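**Q** Here is how the chains run, residue by residue.
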Amino acid sequence: MATTAPPEQSTRPTYADVTRDVFGTLGNPSKTYYILFGFILSVLALGLIALLYQIRYGLGVAGYTPPVMWGAYITTFVFWVGIAHSGTLISAILFLFRSAWRTAVYRTAEAMTVFAVLTAGLFPLIHVGRIWYAYWLFPYPNQRMLWVNFKSPLVFDVFAVSTYLIVSTLFLIVGLIPDIAAIREKATGWRKKLYTVTALGWRGTDQQWRHYSKAYLYMAALATPLVLSVHSVVSWDFAVSIVPGWHATIFAPYFVAGAIYSGVAMVITLMVPLRKAFKMERYITVDHFENLSKLLLLTGMIVFYAYVIEYFMAWYSGNPFEQQSFWNRAFGDYWWATWTMIVCNGFLPLFLFFKKIRRSIPALFVLSLFVNLGMWFERFVIIVVSLSFEYVPYAMGHYTPSWVEFSILAGSFAWFFMWFLLFAKNFPMVSITEVKEIIPLPRKQEAHR
Amino acid sequence: MSGHPGGILAAFKHIDAAIKAIHDLKDMGYRDFTVFSPTPLLELEEAIGHKVSPVRRWTLIGALTGVASGFAMTLWMSADWPLAVGGKPIGSTIPYVVFAFELMVLFGAIATLTGLAFHSWRNAKPAAFDGRFTDDMIGIFVPCVEDRRDAVKDLMETTGAEEVRVEA
Numbered sequence: 001m002a003t004t005a006p007p008e009q010s011t012r013p014t015y016a017d018v019t020r021d022v023f024g025t026l027g028n029p030s031k032t033y034y035i036l037f038g039f040i041l042s043v044l045a046l047g048l049i050a051l052l053y054q055i056r057y058g059l060g061v062a063g064y065t066p067p068v069m070w071g072a073y074i075t076t077f078v079f080w081v082g083i084a085h086s087g088t089l090i091s092a093i094l095f096l097f098r099s100a101w102r103t104a105v106y107r108t109a110e111a112m113t114v115f116a117v118l119t120a121g122l123f124p125l126i127h128v129g130r131i132w133y134a135y136w137l138f139p140y141p142n143q144r145m146l147w148v149n150f151k152s153p154l155v156f157d158v159f160a161v162s163t164y165l166i167v168s169t170l171f172l173i174v175g176l177i178p179d180i181a182a183i184r185e186k187a188t189g190w191r192k193k194l195y196t197v198t199a200l201g202w203r204g205t206d207q208q209w210r211h212y213s214k215a216y217l218y219m220a221a222l223a224t225p226l227v228l229s230v231h232s233v234v235s236w237d238f239a240v241s242i243v244p245g246w247h248a249t250i251f252a253p254y255f256v257a258g259a260i261y262s263g264v265a266m267v268i269t270l271m272v273p274l275r276k277a278f279k280m281e282r283y284i285t286v287d288h289f290e291n292l293s294k295l296l297l298l299t300g301m302i303v304f305y306a307y308v309i310e311y312f313m314a315w316y317s318g319n320p321f322e323q324q325s326f327w328n329r330a331f332g333d334y335w336w337a338t339w340t341m342i343v344c345n346g347f348l349p350l351f352l353f354f355k356k357i358r359r360s361i362p363a364l365f366v367l368s369l370f371v372n373l374g375m376w377f378e379r380f381v382i383i384v385v386s387l388s389f390e391y392v393p394y395a396m397g398h399y400t401p402s403w404v405e406f407s408i409l410a411g412s413f414a415w416f417f418m419w420f421l422l423f424a425k426n427f428p429m430v431s432i433t434e435v436k437e438i439i440p441l442p443r444k445q446e447a448h449r
Numbered sequence: 450m451s452g453h454p455g456g457i458l459a460a461f462k463h464i465d466a467a468i469k470a471i472h473d474l475k476d477m478g479y480r481d482f483t484v485f486s487p488t489p490l491l492e493l494e495e496a497i498g499h500k501v502s503p504v505r506r507w508t509l510i511g512a513l514t515g516v517a518s519g520f521a522m523t524l525w526m527s528a529d530w531p532l533a534v535g536g537k538p539i540g541s542t543i544p545y546v547v548f549a550f551e552l553m554v555l556f557g558a559i560a561t562l563t564g565l566a567f568h569s570w571r572n573a574k575p576a577a578f579d580g581r582f583t584d585d586m587i588g589i590f591v592p593c594v595e596d597r598r599d600a601v602k603d604l605m606e607t608t609g610a611e612e613v614r615v616e617a
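In the order they appear, the protein sequences are chains A and B. Numbered by the working numbering, the letters in the first sequence go through residues 1 to 449 in order. Numbered by the working numbering, the letters in the second sequence go through residues 450 to 617 in order.
Since the hints were derived computationally from the structure, they do not count as laboratory data. Source: prediction; values computed, not measured. Treat the hints with care, as some may be off.
Said to hold, decoys possible - Straight line, CA to CA, 30 Å or less: simulated DSSO-like cross-link-like pairs of lysine-lysine:
(1) A:186 with B:500
(2) A:444 with B:574
(3) B:462 with A:279
(4) A:192 with B:462
(5) B:475 with A:444
(6) B:475 with A:193
(7) B:500 with A:192
(8) A:444 with B:537
(9) A:444 with B:602
(10) B:574 with A:193
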């Protein structure tokens with residue numbers, strides 16, 4: 001079904017409209033919001049119970065079966081880090097390219113980035129089992145007088161993901177400050193106090209804008225290579241080892257494209273209900289969704305190309321272990337996971353070549369759900385299927401995630417959505433300042449004509 | 450006490466009127482006025498004519514410190530506890546580029562924000578303010594002694610201010 005732009009899109013909002021409309025999305029949550037939030041909290045509770053159970057009885061309660069000692073937790077870690085990436089792409093990279101359409105959607109994407117990294121960061125800690133020793137991952141002075149192994153990509157990851165979390169959070173906060181100042185003037189009660197404190201004294205003076213504009217530009221310039229580096233580093237967790245199916249130089253660009261792909265899909269998944277619930281059709285238009293779907297199509301095709309190249313290289317290498325590994329992916333025990341990945345990520349997005357699909361919001365929403373599913377399975381296939389079928393036949397094994405892993409996986413979604421919902425009702429999900437930037441201010445000369 | 454010097458506070462709805470007021474104020478010799486706007490506006494910036502923000506130096510110094518710290522940390526810690534793995538030298542500069550890069554971004558970003566906070570605070574001038582300046586109006590506050598207020602008020606009104614207030 002093609003969705004046409006509602007008639008109000010044609011009328012350009014004024015500065016006052018923008019502040020009023022975005023402010024109108026905050027506070028006074030509806031009954032539906034509370035029901036949804038209650039459901040999310042109950043799923044989160046399930047995940048927490050499963051985690052406590054694992055902490056009490058040890059990692060044996062997860063489904064790890066030698067040689068598959070990286071399972072659903074690492075799969076979900078890579079999935080959430082990937083989700084984070086499109087937020088920075090939209091907020092930083094498109095900012096540097098002066099892409100005007102990003103202004104209405106970047107805040108949602110940026111908030112998604114922060115909460116996705118916040119979720120991803122939990123999984124290495126859950127995966128190591130003894131969560132109370134998680135600080136061993138960081139180099140710190142200790143009585144044993146030892147340091148971490150800086151040559152290991154796993155330690156690269158600690159630095160990359162921590163840096164990503166800090167920088168993306170700072171970037172989100174910096175963008176929020178002028179918006180909070182705008183809604184501070186309209187808020188009342190405890191919200192007024194909250195926004196007065198969090199606006200950090202912002203008044204929009206010429207001196208503040210002078211330093212702010214430059215600082216934002218440099219933050220974007222720093223975040224741009226960061227986003228490319230983080231998923232490259234995550235890919236090296238696999239690529240530097242000699243597991244068949246992992247040891248490939250294509251991994252870094254393949255993972256970065258996949259990360260942006262999954263992230264754009266998640267932005268669409270989040271934006272469709274948000275736009276409807278907040279009545280933001282005037283600001284987040286069908287054109288925005290079409291631009292997002294073009295990004296989805298581009299990154300989807302890069303990912304599909306990488307799938308094909310992986311199979312080609314396995315055949316062309318003449319390496320029997322590599323060939324067996326890829327044969328096992330497509331026709332072995334986990335064929336269903338591989339084909340779910342190929343259909344959801346490779347074939348379904350090709351529908352986006354049709355403009356009608358690109359401009360149909362229901363179709364995009366459904367497609368984005370399939371891509372989310374497919375991208376989780378992509379990581380499952382790369383990690384679990386490769387590990388289950390390495391070199392020595394007697395050391396091959398079959399891994400099935402346990403109820404504990406499934407519960408923690410569900411809990412991670414609840415954790416992510418809990419933060420997102422809390423943020424959506426308390427802070428502007430559409431950037432007031434940047435939307436105003438693309439609306440021309442009235443001129444006296446025009447008024448006199 | 451108002452916390453700012455006395456002067457004239459004007460609110461503009463039209464950007465060209467505000468720009469004209471800024472030019473006229475500069476022609477009259479005023480330099481220490483404050484302009485408020487709901488969003489960064491290039492035309493206003495050009496009319497005011499500030500120099501480039503020094504925040505860029507903070508970014509550069511922060512980023513370079515990050516690179517140096519990344520290499521220094523990894524090389525020193527490797528030397529302090531030699532760990533021979535994978536046939537690589539104890540101090541392997543190539544993998545350590547990753548740490549230097551990540552700390553470059555981290556320190557650069559933190560330094561940028563520190564610079565933003567520092568310069569915004571250092572260059573802040575006490576000025577009267579109205580909440581509409583973060584919504585849909587451009588504001589200009591001109592600190593001036595009582596003798597000159599009438600002239601500034603006239604200037605604001607003739608250039609097209611929607612509202613002009615004398616702030617004691």
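**Q** All hints are to be evaluated individually against the structure, with a verdict given for each.
**A** The hints, checked one at a time:
no.	hint	in the structure
1	A:186 with B:500	violated, 34 Å
2	A:444 with B:574	holds, 29 Å
3	B:462 with A:279	holds, 27 Å
4	A:192 with B:462	holds, 25 Å
5	B:475 with A:444	holds, 21 Å
6	B:475 with A:193	violated, 38 Å
7	B:500 with A:192	violated, 35 Å
8	A:444 with B:537	violated, 70 Å
9	A:444 with B:602	holds, 19 Å
10	B:574 with A:193	holds, 24 Å
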